[in-house]
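Visitor: Sequence order for the protein chains is A and Z.
Be aware that the first sequence starts at 0, since it is given in numbering that gives the first Met the number 0, and climbs by one per residue.
Be aware that the second sequence starts at 0, since it is given in numbering that gives the first Met the number 0, and climbs by one per residue.
Don't read these hints as lab results, they were simulated from the structure.
For every residue, glycine included, the Cβ atom is placed at its ideal position computed from N, Cα and C.
Among the hints, a few may not be true.
Some chain Z residues near chain A, calculated using beta-carbon distances under 7 angstroms [to be verified]: (1) Ala92; (2) Ile110; (3) Ala126; (4) Val127; (5) Thr159; (6) Val214; (7) Glu218; (8) Tyr243; (9) Ile294; (10) Ala295; (11) Gly297; (12) Asn327; (13) Ile329.
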Amino acid sequence: MTEKTFAVALNEAIKEEMRLDPSVFVMGESIRGGIYGITGGLHQEFGDDRVLDTPLSETGFMGAAVGAAAVGMRPIVGSLCAFMWVAMDQFVNQVAKMKYMFGGQATLPLVYRVGVMYGNNSAAHHTDRPHPIYMNIPGLKIVMPTTPADAKGLFKTALRDDDPVLFFEDNTLMGVRGDVPDEDFTIPYGVADVKREGSDVTILAVGGMVPRSLAAAERLEADGISAEVLDPRSLVPLDKQAILDSVAKTGRFVAVDSAHKTCSFASEACAIVAQEGFWSLQAPPQRVATLMVHPPFSPALEPLMYPDEERIIAAVKRTFE
Amino acid sequence: MSNDANPDRALYLEMLRKMLLIRRFDETAVELVERGEIVGIVHTYIGEEAVAVGACAALNDDDYITGNHRSHGHPIAKGGDVDRAMAELFGKATGYCKGKGGSMHLADFSIGILGESGILGSALPVAVGAALASKLRKETKVVIPFFGDGASNEGACHETMNLASVWKLPVVFVCENNQYAVTTSYQESVSVENISDRASAYNMPGVLVDGQDVVAMYEATRAAVERARKGEGPSLVEGRTYRYREHSEGINRILREPYRSEEEVQAWLERDPIKLHQEHLLEAGVANQAEIDEIAEGVETVIAGALQFARESPLPEPEDLFDDLFTNPIPIERS
């Protein structure tokens, strides 16, 4: 084990896989320069043909990844959630539907690394957390790791998979440090991780909501409430059983999501618990998610919209009323 | 010119056979729609056969194509299996897409047909990506995305032309300008006189071709394919052509405004690509009438066989609904 940041762990994962498999290549806007902090140093090692800076044509290059994958390459596309909107037709009509609509003929081994930026005063156009929108589209696997080790292990799984994966990288976690195994390792999809054990309430949190939930859990401990913090790590497939098992143990459920509240991941999780874990519940399940307004620029306003420790603690306490 | 002296004789006859095959396939599809034997939206390629057939004649078996909603002509021109194409129109399990794609979305990845897209322009990035793979692997495979005058106005078209040009990718953009995006004429919606003029904006050759002349389409495409194969980058070939029937079958029941004149339709019917090619073959002495008749009879046999295959094939099973979403499947809720 060696302690690393989330960003370094991801950079290593990409490099190691590129050394193993010559069909892996990386493309995106200004990625040679490492604009999103992950792809620095790749160009020096792998050269022009495997690290491609693209024109600002999201529909063009995000869609080109589909064509390259369909004929046997393994593209890694780097971008931000904000720019995925421009290429939405490609994600919905090509990435997600191609295999199914053509009766299984297409094999699409491709990974979209998507930066999730919020809380850094970038205003509405650069601040998106759209994972639930993509969860509503069949044909996409969706991963959102929260620790350096999870990021590296899940990235390798995604890259070795033969299906399209959206790999959401929560930018609030890029500097997070953690132990990462030194040997080659992978982490499977669909296996939730208990980030903190507890017995009174289950807090299911995604991405950057995990550290906030852990901090909230520490404060709840002082109030005599033992909170379990569960990290799904992949949203599609989702480890439903781990959620239901945890709720069966604690009897209370709070879902914390960085996405907008309506039809959020938290909404889906609460629906699952209400439908399939109802008889375990001692209180109504709670959603703590981003308020239904656009991210404002002002530092006085933006933090008000996201789940924070106070809102998480308040939601947990509602389950004890 | 004697038969044996023409080195392209076999190719010219094969181009006639392919055009007839597309024509009879689509005429059959129309009958099936009118009889209610098949469901869904059907867009025929009747009148435009020379574009796909001429262009695909310039490709190797392992080259790639993509196409659009007017989906039957491109795969047949590329050498697709007519039985499986017909079965797909019937939604049968033996269809190209096991009944999941239907008329608008034929594909055969095994022979480089990377799929027809019902969203116009949407397959162009896919095509350019296949070309990128060809270049990165130092192969010489070429890609033809087929798209229409309507799709030439999509952002995807402009992005991919620029991308293919800056990366010098082996792409031959074949625009089949049938002159109407449903009912909107290209003169009303395209900013240049010829769509091929747009090539200059992307620093690639652009050529306007008589899309009713299959040999002209073949020769123009062949030159562009050779250029692409040598690593010299993309080209744009515009085949000026005409759609004989309406945008889709049955749409004339809802269209209220005439958008093209009878005279215009008649003028194009007289320049029928199959008739023109047959006349050319006879005049040049490449084939005699008996040989042409024999090709036509062969096509009838293939179509009859495809119909029988499609009709007798099984429908998909309800359980098939859940297949084909992923290569490495994950649990899907079944209720």
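Visitor: Does the CB of Thr159 of chain Z sit less than 7 angstroms away from some CB of chain A?
Guide: With a closest approach of 5 angstroms, the Thr159 of chain Z hint holds.
Visitor: Does Ala92 of chain Z meet its interface restraint, that is, does its C-beta lie within less than 7 angstroms of any C-beta in chain A?
Guide: This hint is violated: Ala92 of chain Z lies away from chain A, its Cβ roughly 9 angstroms from the closest one there, beyond 7 angstroms.
Visitor: With 7 angstroms as the cut and Cβ atoms as the points, is Tyr243 of chain Z at the interface with chain A?
Guide: With Cβ-Cβ at 28 angstroms, over 7 angstroms, it is violated.
Visitor: Is the interface hint satisfied for Ile294 of chain Z? The criterion is a beta-carbon contact with chain A at less than 7 angstroms.
Guide: Violated. Min distance 30 angstroms.
Visitor: Is the interface hint satisfied for Gly297 of chain Z? The criterion is a beta-carbon contact with chain A at less than 7 angstroms.
Guide: This hint is violated: Gly297 of chain Z lies away from chain A, its Cβ roughly 28 angstroms from the closest one there, beyond 7 angstroms.
Visitor: Would you settle whether the hint for Val127 of chain Z is holds or violated, based on the nearest Cβ-Cβ distance to chain A being less than 7 angstroms?
Guide: holds, 5 angstroms
Visitor: Given Ile329 of chain Z as an interface hint, is the shortest Cβ-Cβ distance to chain A below 7 angstroms?
Guide: Holds, because the Cβ-Cβ distance from Ile329 of chain Z to chain A comes to roughly 4 angstroms (cut-off 7 angstroms).
Visitor: A closest beta-carbon separation below 7 angstroms is what the hint needs, so does Ile110 of chain Z meet it against chain A?
Guide: violated, 11 angstroms
Visitor: Measuring from the C-beta of Ala295 of chain Z to each C-beta in chain A, is the shortest one below 7 angstroms?
Guide: violated, 32 angstroms
Visitor: Next item in the hint list is Glu218 of chain Z. Is there a CB on chain A closer than 7 angstroms to its CB?
Guide: Hint on Glu218 of chain Z: violated, closest Cβ of chain A at ~27 angstroms, above 7 angstroms.
Visitor: Restraint: Ala126 of chain Z near chain A, CB-CB cut 7 angstroms. Satisfied or not?
Guide: Interface hint status for Ala126 of chain Z: holds (6 angstroms vs cutoff 7 angstroms).
Visitor: Is the shortest C-beta separation between Val214 of chain Z and chain A less than 7 angstroms?
Guide: violated, 30 angstroms
The structure shown violates the earlier hints numbered 1, 2, 6, 7, 8, 9, 10 and 11.
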